[in-house]
Amino acid sequence: MSRLRAEHLYKVFGRRSDQAVSRLEAGADRDELRAQGTTAAVIDASFEVEEGQIFVVMGLSGSGKSTLLRMLNGLLEPTSGRVLFDGDDVTALKPRELRAVRARKISMVFQHFALFPHRSVMENAGYGLEVQGVPREEREERATEALHLAGLKGWENSWPDELSGGMQQRVGLARALATDADLLLMDESFSALDPLIRRDMQDQLLELQKTLKKTIVFITHDLNEAMRLGDRIAVMKDGRIVQNGTAEDILVRPATDYVASFIQDVDRSRVLTAGSIMEDTKSDSAAMQSGGELEDASTVTAETPIAELFTPFSNSEDAMIVTDESGTPVGVIDRERLLSALAEEPQVNGIAEPNDTERGPDAAGVTARA
Amino acid sequence: MPEFHPGNWVESAVDWLQVHFSVLFDFINKVLTGLYDGINAVLGGAEPLLFAAILAVIAFWLRGLLAAVATLIGFALIDSFGLWNEAMQTLSLVLAAAVITIAIAVPLGVWAARNKAFSTFMRPVLDVMQTMPAFVYLIPGVMFFSVGTTPGLLATIVFSMPPGVRMTELGIRQVDGELVEAAEAFGTSPKHTLTRVQFPLALPTIMAGINQVIMLALSMVVIAGMAGAPGLGESVYAAVTQVQVGLGVESGIGVVILAMYLDRMTGALNARVSPLGRRAAAKATAALGRMRFVRYRPGTAVALCGVVVLALVAGGMNLAGTGDSKTTASTDVGKGKKLNMGYIPWDEGIATSYLWKEMLEERGYKPDLKQLDAGPLYSGIAKGDVDFQTDAWLPTTHKQYWDKYHSKMEKLGDWYGPTSLELTVPSYVKGVKSLEDLKGQGKKFKGKIIGIESSAGEMKILKDKVLKDYGLEGEYKVVSSSTSSMLAELKRSIQKHEPVVVTLWSPHWAYNANDLTKLKDPKGSFGKGEKLYSVGRKGFSKDEPTVANWLKNFKMSEKQLTSLEDQIQGAGQGKEQDAVRKWLKDHPGFLDKFAPVPGGEKEKGKDAGKPVKMGYFPWDEAIATTYLWQNILEDRGYKPNVKQLDPGPLYTSMAQGQTDFQTDSWLPTTHEQYWKKYRSKLTDVGAWYGPTSLELSVPKSVKGIDSLADLKGKSDKFGGKITGIESSAGEMKVLKSVLKEYGLDKEYKVVSSSTSSMLSEVDRSVKQGKPVLATTWSPHWVYSKYPMKKLKDPKGAWGKGDKIHVTAKKDFGKDFPELNGWLKNFKMSEKDLGSLEAAIQKGGKGKEKQSVRKWMDKRPGLVDELAPVK
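Top to bottom, those sequences are chains U and E.
Using the UniProt record's numbering, you'd call the opening residue of the first sequence number 1 and step up by one each time.
Using the UniProt record's numbering, you'd call the opening residue of the second sequence number 1 and step up by one each time.
Same shape as in the complex, but just chain U (with noise of 0.2 angstroms):
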């Protein structure tokens, strides 16, 4: 069972907010609301995040991720629909309810990462667990653990001004990890940071969570960094979500121009992976034969991005064998087959169209990466 659920979430801001929403469920458009001066910044959301999955939510700025995300913890009401968390209704709870859950199990990573310019370091860190009523002492125990976790030993008693923009953020970091939350909800949190630093950010992150395993909810504008950080991904445009699915099935099946036109300019060799590409033995005998053949030729496992696949192939022209984890031969790439890929124009294939989300996340029909 997933961890996190929402159901046909809508945010609609301004007046008579609940009529748009019928007219939205009866197919208005966003524009002809909006000329009456109310603005749907969510319509129909619904998705599914399965436990220690790093969930990404991309769209351009406007399209309406910020205010999901928001409507996921509770900071925004949803004008209708509903997130379920751990199967209970976050959106049916009372305020005190609510505020005990976004204290104990959500906790959140901010744009700009929102450190207390008042407190220091170290009581940033503990500030969720001085919400919770945390004695100080095991207070400062678990803030300076976050702080560790998140690579500021030593940073402790300094002051939020002192730190460059990147430790800042790690300081963010700590602050949601040390309340021990379950699930991370990561607002463009590497958005405002030098690339190199958001590149160390990611890593850092994704280093994290192979042994926390947190479920996270990680809002971006930046496809590659939702490429690189996505279990799945989901494109929003004007409110909607367009496209749910893995990183690969958004780059090679696009559902729409949209995200076809989004996604031109991805580094297509760092997101596809040998397992993507390759020729399935199973289907093709030739190439099991050829496989015979082939004994001595290199082998590649089938998660290696085919950037990795250039060196090889500039040294030999034979065709790589691709395995499982288990080493076991599942495909063959050759040369011919590499530069295809990278060729290869996204065709929309109309997996998901973007009103039809009834067929729920799973339709797009590839599991997750990890």
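These are computed hints drawn from the structure, not numbers from a lab.
No residue lacks a Cβ here, since even glycine has one placed at the ideal position from N, Cα and C.
It is possible that part of the hints are untrue.
Residues from chain U that face chain E, not an exhaustive set, calculated with beta carbons under 10 angstroms [as the list claims (entries may be wrong)]:
#: 1; residue: Arg23
#: 2; residue: Arg70
#: 3; residue: Ala100
#: 4; residue: Ala103
#: 5; residue: Phe110
#: 6; residue: Pro117
#: 7; residue: Arg119
#: 8; residue: Tyr127
#: 9; residue: Gly128
#: 10; residue: Gln132
#: 11; residue: Arg136
#: 12; residue: Trp159
#: 13; residue: Glu162
#: 14; residue: Arg175
#: 15; residue: Thr179
#: 16; residue: Thr328
Short derived list, chain E residues pointing at chain U, Cβ under 8 angstroms [said to hold, decoys possible]:
#: 17; residue: Leu179
#: 18; residue: Ala182
#: 19; residue: Ala185
#: 20; residue: Phe186
#: 21; residue: Thr195
#: 22; residue: Val197
#: 23; residue: Pro200
#: 24; residue: Leu201
#: 25; residue: Pro275
#: 26; residue: Asp373
#: 27; residue: Asp811
#: 28; residue: Gly813
Keeping the supplied structure of chain U fixed, place chain E upon it in accordance with the hints.
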């Protein structure tokens, strides 16, 4: 345009509130004055330099060494001006006002920041509070709370509130939305979001608001000096109205020093109070590197220790310091009683007020002297907050105030007169000796007569009468300004040798200082001269008979007055009392003459030490005269002993020589039986009152009935009822024949009851303004307590009245020759007896002796008159 005056409604609303909400106002008054008194007791109690040191330690803590030194110097300067107390009063006012303002403003600001509707509502309210001229609410403030601290504090609070609210709202709104969101995302409750995130982050802005609040409070507190708020404002106001440039500058500097101190300290407070401020301060210090000692501040704990040590030293010295009291026991008449005096800053007002302040202090009173404008002064007296003032110009100059408030004030006596009002020119202006000479000379004086305050009575006479009478209208324009500007203009003109005509009056020191010509007033247009009165609040002479009596006998000659004024002028500003002290030294006997210690020089009688046994029966006049004589005899050194008896036993004991005398023998009728029985063993010392009379009486408000004959046909008015007394009383019997005589016996019914119920019936009827017809007799206090009139008896139907005699034992004249002589000459008027009886009534049972003493204190010389010692 139809006229529209919401001001009228406000005026009646103010009247209404005054009547119906006095409890609330009293409460507010109590809270505010209590707060102020408390703070002032702490601030003003300390030794000036020690307290300056405490302030310096605070400055060291907040801003460093330089500020500490500057503080010490600044406050030492204030002390050297002799304005320390005033400065501390101002500081106390500012702190009291600021505490209340902040306590109200910050929550309001928080509320406004969180609630848009409230914020929208508050904005115009705050605008009004900030821009409405303070005088507008200072005046009703005086009406509700009288002159003094409270209206000043209230005006200050209203005026300084807006920046507190605004800056708090701004500060909280300014807090980064993401931070608030972050707090919420971690499950912070709204309350904690406010206290843990919004408030600390808004604190620098809020502190800036508080700084503004305190600065505005200071500026307003100075203005509030006009409404009698104590402190530097009062000095500034006094200086401005008395053209005392020196005092003005000094108190002005005092205000500036206070302002700078408060501004810098509250400005720096942020760096200590708010976490952000501390952070910024730490960074700034770190940036200085090696030079950081410049920014050294002692730690909070260290500073606190310093303050506590100094405070303890100050407290200790303060305790040691109290112990010397100024007056010795024998001249301590006032026994520390507080008296509130007010004065208008006119020279003779200043002179006599300080004179009385000094004299009263000599006599053990604690007079509190306040300078006020005429309006607030009179309303203060009418309200009872000012006990008395010595500079009432009547009947003209202060006519408007007297007319308005005379029912709530009493004249205590005039001490100078007659004064005169006049137009005056410098004597170098030739050819102008009289008002008539002014005609055609308009050009010379630029068509201007320099006037004083437009509200002054003299201005009114000048404009309405004098100019008309002398045909000067059109040619001259009366320029109203103020007394001080008039004097300044006069001084300027004399210096430049320019012609000028000013509105002046005598006595005035300007005539001593300059060579001036009073213009003659052959037509008498300015009217007769006035007298200068001492005026007290209603009931002052009752509450303070001694002081009232002193004031009543107070007289000053022009020479004395001008010499006192000279002395004060010479001594300089702020040293009025020193000047008075000196002047009193030069006028020995003045103090004892006008503020004699009552009983201080009581002469003993010849038979001093001798016990005198007095007896009385409980009739009002008996009680009154017996206690009167008891007091007199005690003053004369006798040892009187008073016993209450019934008439029969009293006469018996006198006949047996066991009682020496009694004062209430009604002869020849009422006590005839006793007199006949014992006359051989008694002596008739003499009648002191009489004839007595029996009568019917009605309230004075009943018109058209002055005589028994008038009662005919008017029975409807009184419900056909005559309120009688005990049916056994002789008067009741006589009444029946009286009614017959006047043909009233069918029309009226006599209701017999008792003396006391007759009296309460009178009381009720008078209070309700209803007619009543009561059976009374004279002498009786009912006539002095209630406005009752005796109905005339043209037919003599009541018969002749008794006289009241003093009767004594047989050998009284031999045993007490002196007392016998006194009693022989003892006489009392109906008015005196009535007021004495009323005083006893008011004083209550068991306090007869004290009540009589009080009554006697109001009549100095009475003892000497009734019991002269040769």
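Original post:
Any of the earlier hints contradicted here, and which numbers?
Top reply: Checked against the structure, the hints that fail are numbers 1, 11, 16, 21, 26, 27, 28, while the rest are satisfied.
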